[in-house]
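Quick one: dock chain against chain with the hints and give me the complex.
Chains A and B, in that order, give the protein sequences.
Per the numbering used here, the first sequence starts with residue 30, numbered consecutively.
Per the numbering used here, the second sequence starts with residue 54, numbered consecutively.
It should be emphasised that the hints constitute simulated quantities derived from the structure, not laboratory data.
It is possible that part of the hints are untrue.
DSS-like cross-link-like pairs, simulated, lysine-lysine; straight-line CA separation at most 25 Å [to be verified]:
#1 A/Lys-136 <-> B/Lys-74
#2 A/Lys-93 <-> B/Lys-74
#3 B/Lys-65 <-> A/Lys-136
Listed below are the residues making up each chain.
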Amino acid sequence: MDEYSALDDVMTALADPTRRAILARLAASDARVTDVAAPFAISLNSVSKHIRILERADLVRRRKLGREHMLALNPKPLDAASDWLDQQRALWAWRLGELDTILKEDKP
Amino acid sequence: MTAETTSAVVVKHRYAASPEKVFDAFLDVAVARRFLFATATGEMLVAEVDPRVGGRYTFTERRPDMGDVEHTGEYLEITRPSRLVFTFGVPRFDPGFTTVTIEIRPDGDGCELTLTNEGVPPEHQAGNRDGWTRIIAGLLPAYDGVHGAGWL
Chain A
30 MDEYSALDDV
40 MTALADPTRR
50 AILARLAASD
60 ARVTDVAAPF
70 AISLNSVSKH
80 IRILERADLV
90 RRRKLGREHM
100 LALNPKPLDA
110 ASDWLDQQRA
120 LWAWRLGELD
130 TILKEDKP
Chain B
54 MTAETTSAVV
64 VKHRYAASPE
74 KVFDAFLDVA
84 VARRFLFATA
94 TGEMLVAEVD
104 PRVGGRYTFT
114 ERRPDMGDVE
124 HTGEYLEITR
134 PSRLVFTFGV
144 PRFDPGFTTV
154 TIEIRPDGDG
164 CELTLTNEGV
174 PPEHQAGNRD
184 GWTRIIAGLL
194 PAYDGVHGAG
204 WL
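Bound conformation, chain B alone (with noise of 0.2 Å):
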């Protein structure tokens, strides 16, 4: 198991398809083009993807708002079709990047997704394996006692 509740930000979604198929998506340029970093009004101007360990990703959308946005990343782990681990940024607004880690168990006639984007790179992590989100998180306690904030 990778990261918990406490992580930053995880979602779970079911599909009606199978595991491989939904795995595919993610990796197949054709599909991940329409879903993965596309806004309802963009339109995808740039979409390659090098599905191996230490190849890279990147989509550019040009969005009516905003102008030409590029998401890229580098994929850590591809273990078809239960686990993809890849690196995430938007260089325009931030230099860093996340990781996503995308796990993926079978669910009666489909699957189930859950994906984990914690805050810290794993370059980053040395000093604090867990990444900074668990690390509000354990700030907590004695956070919430004290000023009764609801967080997270």
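Looking at chain A on its own, in the form it has when it is part of the complex (with noise of 0.2 Å):
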């Protein structure tokens, strides 16, 4: 259940535009919460609501540097999506390939 929790947090995590942007910024290299919200046209409370849902997904991760936070891009969220999507494959490959073995069973 937690596994697809996390894909959830992913997923919602990448919903949104704004939090896409602040990824696509995070993977150029890490940065001041400050840089990060400046390139937006809203306020930095909400950009640091992005963040924290950035945050529950483990997406970006957070660290104090004197009195600055930085930012990073964590990928790994990215991979457990992507081995799902690969068992999804996997799945509707194996379903389509017992529809051909009724097709040619059912043959007169």
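Encoded structure:
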């Protein structure tokens, strides 16, 4: 169950353009919260909310550097999402193969 | 055309049967129950199909390792024999629904089927039409450039 709720958190985190932009920014390099917030025409408070959602999904990690909070991308949860997709792909391939077997068996 | 290679799950299969025969297999409960959500060791308890737009299907299989597993969803588009779209969920594992699109085109004496399973159900797509899978793909150029990670 935990695996699925973690996946849900990742999906939720990725479903918003601001959060995707934040991830893209952090993919380039680690950054301070204020740097991450700078390009957005929304309050620092709103950006912080987005960052918290990314942290909950463990896509972003925070560390303190003096007075600053540094943010870094953690790509691991994307791998979990990728594994899940691989599983789904294998399942569907198996089902379509089963249909093939059935159609061949049923041929008069 | 619908989803391309950047989508979550795309599986192709070629059949030595007519598009009609393959299409009908998904909506004919007698055939569908044998392959659609069946596993090798399970026993299909419930197989119900209401094959019209807005109609639902339910396949519940008893599996030795995990008990009864229900697969359910709603038909969104039924265009025989070329296109079938339905939502798909396994409530036991996840309250959400994904969307499955099946496209069938004639290929010589048989047909080729392309199945696309996208992670975001239509009602959640208003704000991000393309679904989360393509979103991840969109992130990847930056992601790959820095981390060199292979993804999908």
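Hint-by-hint comparison with the structure:
1. A/Lys-136 <-> B/Lys-74: Roughly 11 Å between the alpha carbons, so the hint for A/Lys-136 and B/Lys-74 holds.
2. A/Lys-93 <-> B/Lys-74: violated (62 Å)
3. B/Lys-65 <-> A/Lys-136: holds (22 Å)
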